[in-house]
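2 protein chains.
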Amino acid sequence: AVLHQATRSGISNPSLMHSPPLSPQLLNSLAPEENTQCQHGLYFQDGERRVDYILTYHIKKPSSSRSNRQSSRFTDNPRVVPEVASQDHSMDYHEDDKRYRREEFEGNLRDMGLELEKDEDTKTPGVGFVKIHAPWHVLCREAEFMKLKMPTKKVYEVKQCSGVGAKINTLVNKATEPLHPNVEENRAQNVKHLSYAFSREKQHFLLGSGVYTAAYPLHDVSTHCNQHLLYEEWASYSVFYKYQPIGLVRKYFGEKIGLYFAWLGLYTQMLIPASLVGVIVFLYGCATVDNNIPSMEICHPRNNITMCPLCDRACNYWKLKEACGTARASHLFDNPATVFFSIFMALWAAMFMEHWKRRQMRLNYEWDLTGFEEEEVSDHPRAEYELCVMQKSLKKEHKTQKVLIAYSWVFTTEKEKLTCRDRLPAYMTNIVMMLLMIGVTFAIVFGVILYRISITAALHMSNNPTTRSNVRLMVKTTAAIINLVVILILDEVYGAVARWLTVLEVPKTDKSFEERLIFKTFILKFVNAFTPIIYIAFFRGRLVGRPGSYLYVFESYRMEECAHGGCLMELCIQLSITMLGKQLIQNNLFEIGIPKLKKLIRYIKSKRRTFQEEEREKKLQRYETDHFLEPFAGLTPEYMEMIIQFGFVTLFVASFPLAPLFALLNNIIEIRLDAKKFVAELRRPVAARAKDIGIWYNLLRGVAKVAVIINAFVISFTSDFIPRLVYQYMYSPDGSMHGFVNHTMSYFNVSDFQDGKEPMDPHHLGYQVEMCRYKDYREPPWSNTPYVVSKEFWAVLAARLAFVIVFQNVVMLMSDIVDWLIPDIPKDISLQIHKEKILMVELFMKEEQGKMQFIDSMTPCDGKERNNHAPVARSRSIPHTYSHTHANNF
Amino acid sequence: AVLHQATRSGISNPSLMHSPPLSPQLLNSLAPEENTQCQHGLYFQDGERRVDYILTYHIKKPSSSRSNRQSSRFTDNPRVVPEVASQDHSMDYHEDDKRYRREEFEGNLRDMGLELEKDEDTKTPGVGFVKIHAPWHVLCREAEFMKLKMPTKKVYEVKQCSGVGAKINTLVNKATEPLHPNVEENRAQNVKHLSYAFSREKQHFLLGSGVYTAAYPLHDVSTHCNQHLLYEEWASYSVFYKYQPIGLVRKYFGEKIGLYFAWLGLYTQMLIPASLVGVIVFLYGCATVDNNIPSMEICHPRNNITMCPLCDRACNYWKLKEACGTARASHLFDNPATVFFSIFMALWAAMFMEHWKRRQMRLNYEWDLTGFEEEEVSDHPRAEYELCVMQKSLKKEHKTQKVLIAYSWVFTTEKEKLTCRDRLPAYMTNIVMMLLMIGVTFAIVFGVILYRISITAALHMSNNPTTRSNVRLMVKTTAAIINLVVILILDEVYGAVARWLTVLEVPKTDKSFEERLIFKTFILKFVNAFTPIIYIAFFRGRLVGRPGSYLYVFESYRMEECAHGGCLMELCIQLSITMLGKQLIQNNLFEIGIPKLKKLIRYIKSKRRTFQEEEREKKLQRYETDHFLEPFAGLTPEYMEMIIQFGFVTLFVASFPLAPLFALLNNIIEIRLDAKKFVAELRRPVAARAKDIGIWYNLLRGVAKVAVIINAFVISFTSDFIPRLVYQYMYSPDGSMHGFVNHTMSYFNVSDFQDGKEPMDPHHLGYQVEMCRYKDYREPPWSNTPYVVSKEFWAVLAARLAFVIVFQNVVMLMSDIVDWLIPDIPKDISLQIHKEKILMVELFMKEEQGKMQFIDSMTPCDGKERNNHAPVARSRSIPHTYSHTHANNF
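If you read the sequences in order, they're chains R and B.
Quick note: to get our numbering, add 275 to the position in the first sequence (first position is 1).
Quick note: to get our numbering, add 275 to the position in the second sequence (first position is 1).
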């Protein structure tokens, strides 16, 4: 009664189902190959049956018949035992209990038709292995339940389009040939290997309670097998420019992992045009920097504008000329081309989504998943959930006598479930912790701001002129690095916190566990990565106040301003440091460095070993070497990394057009890195079926949506694009940009400084300063309402807001149009699906005809009943007409 | 070879498939009922076989053996005939050709297993009928191709939730019992009637070429049949408060029409809360009208503000007090509650969408459509398209000899198709015509504006004071009525134009024809209905200019202003007149009146008939009476009407909170009206399967999306909501609304009037006016920059724009959250689907077990092969374990 259904299993190689009666060729290929040396442990002892799956468990001591007998007595009367078993025996008993449950479980497996072989005398002490083989008829049965699509014997030709289209196609194919991996996807021989995941639910269940320690299928290392090909044509940096052999990946790892790599591949591919355009936009900025009137005006030698000091007392008045460098640099990222680029990137994101949908559909078709409806795969409650429910029901029953927890899971089939009231504490903890974590992020960002402010102030105090000139750059860089380090550390912390919180929640099913975990991790990591950037983009330099009435933090620190030329420059620096740093450190250090380090440690350890042990290791069975690999931890971290990167590429692309390029470079490495990891460094994951990438698609859509509004705000509020336009069309006397710099700055009468805030050295510039300028739209001191925001301020604000509305709606409309114009299912695929359906009808009609004739010849006596309906002869003639008319359709 | 597939047929009553061997009960029910009187023509002459479908054609003369022979000769050698056949014979030949094709077609039908009966000697002269019966085995075969789901014999109990939930459920059920129609949906007897639509593609094809004149299934008028029930419990105004018997509707008319009525029902139901809230908002406006400070200030007796004249020369200065009435009325629709209401309605629209998705899913489940994948039903080319392609290929072949067009359709199977170049003229015509039509709408709206301006000016000239006081109201009302009439006329014109344009385009398939037609009709009708409204909401009163520098149309007509209190009032009037007028006239006049009129005409005609004829009419066969009914023209007009109404309900709801109420009242009638039409006044439509409402859902989504942004603009730009807020928080000395009216009005020095534009009678008010006021934010005459827009203008504009951004994004976010929180598939449905799947597996496992045992007992000799895999005895025991573990899941 404990056993749960095994319907939800994944067969990674459906092409094995090719021809129902096993062909001699196929049987041959199932027989052990001549080169048995490298296939240690790939087969049962008889050398005939393949090992499809491995379960491992701990062995404490050699099996004793005593404990065995005892455990069977326990089962007969479980309630009595605890009183009998003394404290001394409890450990022993525990072992026996596990053994008993293993035996029960293995018995059930055998009942389901699986074949098992035990191996406790391996060279790995303390670990027992159960090898599982799934025979043909079991696979067939499972396949039927899963409604797996099989290739039939019937083959039809997919007609290529003729004429000019075909020629172009051929040319394109020839031109891109070196880009394709050297994999013959349709070799006749690759209907051979299969791995059969019998029931992942049970696995978790039993792993969770410690009966088994690990469960995994084997890596397939026979010489002409897929792993070798994957190694050469996929998991290697030398093939970075080639397409991935997705079909092979899917065959070896299953659809879920295949989809991940297909997605990653498409994303990387789509980044190519994006980074090209980004580079062009950047180059446009470089080329036009000398023609940019505002920065020319700032850098002009006759420019004589005196600026108000940047900090209280310690800082002095300064000449606008000094900001020449920043102004020129700003132009690189703040020019009209960036507006175009952010519109382009919004549409790019929409295109990417659409292309992915199409690609997914194509893969579904190629992998014969078109009819497969995503079953509620993990509808089955998780072990933790059942435990929780059980504890609750136990409490409810108020049974005072001790009940063996180990056995009471039988009760969980009762219709008890966790109500809202049970979950309330966990939910509350969740909300509080999430808010706390987000608060921590905010606090740290605020701390970095304080660091920047105070260090700047302190360094300004210094009398060393070189120090002072380098102040800004140094502070900016160190602050960005601190931010980066904090982000990296918190990333790890948040990952752990999210997992802990989700465990606390006790979600009912694996699917909901995964979704909740992803959702929480996503929120925390996103907030973590983007809070400092959002601060710089939208808040920095806006809460400054004005000369004579600055805004102070803790009553002594003035809020920081942006350099002249807008905050866009600083945003760009922060973005590039965060993005590059995250990628370099997380990818290279964590993903490459740490495995290398582990290998090194292992190497050092092996030095100390005796020769004998080393020799023994070489002769390890395949299932033993696999046992020493890291277990597969799911695709969540891989996807998460990529979605954060997608955020960098789309969210603030208006300020950093090179982001797609960096992402592209990173991903080219990332694909091969992940490939290597999957092929060589992890235990082979259980093949899982999937039609789509699930929640990740929704998250991507969400990010793309948010990107539109954020880019609108970056362009209109962070950059000077709108003020420039407003000046040009509303205020400029001659319609040019001349005079723009002067227009953006207000006047301040130095006599209006608060006491103690004026510069210590008013004669620093060599003359007595009476008026200084600052960047803001405010009334001059001589107006009726001095220092009040001016009409220009409101006009510019209105223009900024209008731009946001126009930008957002135009881009959303264009995205919707892109969405609408590109059909979700590629035309050729939908045609082929339709064609296949018709061919199938034709085939079945013929078969039915044959069957009817057979039955007729067998039992010619029961014609009476059929006469009730129609003349038999006529209905016999239908199929042909039918298939004919069906085929005619094409 | 001409025949096309018949897979795409609709069986409206899948429950007939209940038990594969015909049960005696079922056979009984298929036999003619005792009461044959009302069932004239429901059965073949033998009284056994049911008439499932009717084809009609014209008979020119009694069939002559000569022409028959001739036509058969034609077929043998079609190319030779034209030279032989003289002009004289062409008419005759045409008839024969049709006859020949009818015969070929009917032969094909017979080949497919259908049974036919001809009836040319009916009482309806000139019309021949072909009655078609689809025997049982044909239905079964078609059902298999369509993957129709059948109820199996296995029944399982849907477990009701227990405890408090169940009690509440029972209570609710009891309370709503009178709302449910008196229909036993699960009567054992209603597994009886079926209609079989053999092939809709062919139908069109042949109808298009005039071979048959009509094709339809019969209305089912036997006494205990569904039509009677539908008549009583559905198509009657007396049951307007009840739910619709959707299951019955679907059974009688098929899924497509069932879904329409389900959708209409849900929409009407959802309108109830919306109209409740709308009424409350309106009442709130009524209740607070006396506490509204701005209108109090306007109406205050001591208010002494002199306003600038509303037209040149003829008009005079006036006192703001005169606008008291409008200001108070404006408050009814322009108060903070409307802001809440438009947010509410945006969420309501999102909820409606979600609820519809769930309802659709539930219906899909109840109607056993869950597995049914929407096939490319109309992938088959339309007759018109094939004709076009054929003509092209004929031209291409440059054959100079005359080829019989009637026979050359055989060539269309060649892979010829219409390219972009062929379609270019049609596309160009389409675009030009669409733009032209939209241009016509704009021109008419502009014409109405001119009418308003000129009539106002002319009436102002009049010296009659009562005329002048009523000027505004009269002009407004007449203009709105003109608009309405124009909209109604153009609606009909545009419907025809859209159809014509779509025919011109020659779309390939029926589906694309329908979609293109709907799209074009939607755009034209929407533009038509909403252009005047959009003009009033967003342009009127904004292009006025200012005193001394007004904007003139044609250099003599001043653009119109809004009444004091904003244009919201006028928008509201326009909206209500358009909406109510459209509904009353289109529904009542067109849908009720015209059929009544037709009946009257028929009655008058019948008076003239002889008694004999009348008597004969009474004895008409059922298929003859049905022949006189109007053919079913598709659901497009019904949906279109509703979607335009949905537009009225959502798009401008901020200005007219009573719109949902009017829509609700209309729809309650509409449902029963449509029901009556379908049951009694139209030929029974061919039952068509559908999983969803198709393109209409997308259009609804589109309207709901546009509604958010339009409401944001209405609130922030059309209403005075934002200026009031800005005044209260930025300018008001005491934080109250006192002084708001004064603040919104600028000063004008009357000496600045252009020559000839000042009022003729400056002393009209009894004193010399020096300054007059006008509603705008401009600098006073005494400032440095007189009459330039002021700082307040920009501040208010910025606030308005900011509101739009905030409103749009908040509402969109909330809609997305609603979308995300409400699962698309109701929980109970997804559970039941899962459960059914498991039960099905169990059933099949048992069956397979039985089969294996049977085979074993038959052929006990071939055990060798099976031994290859596993012990047979063990695999035999699997099914039970299996089903057990499966069932355990619940």
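Watch out, some of these pointers could steer you wrong.
For chains that are exact copies, the list does not tell them apart, and a pair is met inside one copy or across any two.
To be verified - Listed next, the in silico DSS-like pairs over lysine-lysine satisfying Cα-Cα at most 27 Å (straight line): (1) Lys786 to Lys857; (2) Lys783 to Lys1032; (3) Lys966 to Lys951; (4) Lys966 to Lys632.
Simulated from the structure, these hints should not be mistaken for laboratory data.
So, going through the hints one by one against the coordinates:
1. For a Cα distance limit of 27 Å, the shortest separation of Lys786 from Lys857 qualifies neither inside one copy, at 29 Å, nor across copies, at 51 Å.
2. Taking identical chains as interchangeable, the C-alpha atoms of Lys783 and Lys1032 are never at most 27 Å apart, the minima being 62 Å within one chain and 79 Å between chains.
3. For a Cα distance limit of 27 Å, the shortest separation of Lys966 from Lys951 inside one copy, 24 Å, qualifies, whereas the shortest one across copies, 45 Å, does not.
4. For the identical chains of this complex, Lys966 and Lys632 are neighbours both inside a copy (11 Å) and across copies (22 Å), given an alpha-carbon limit of 27 Å.
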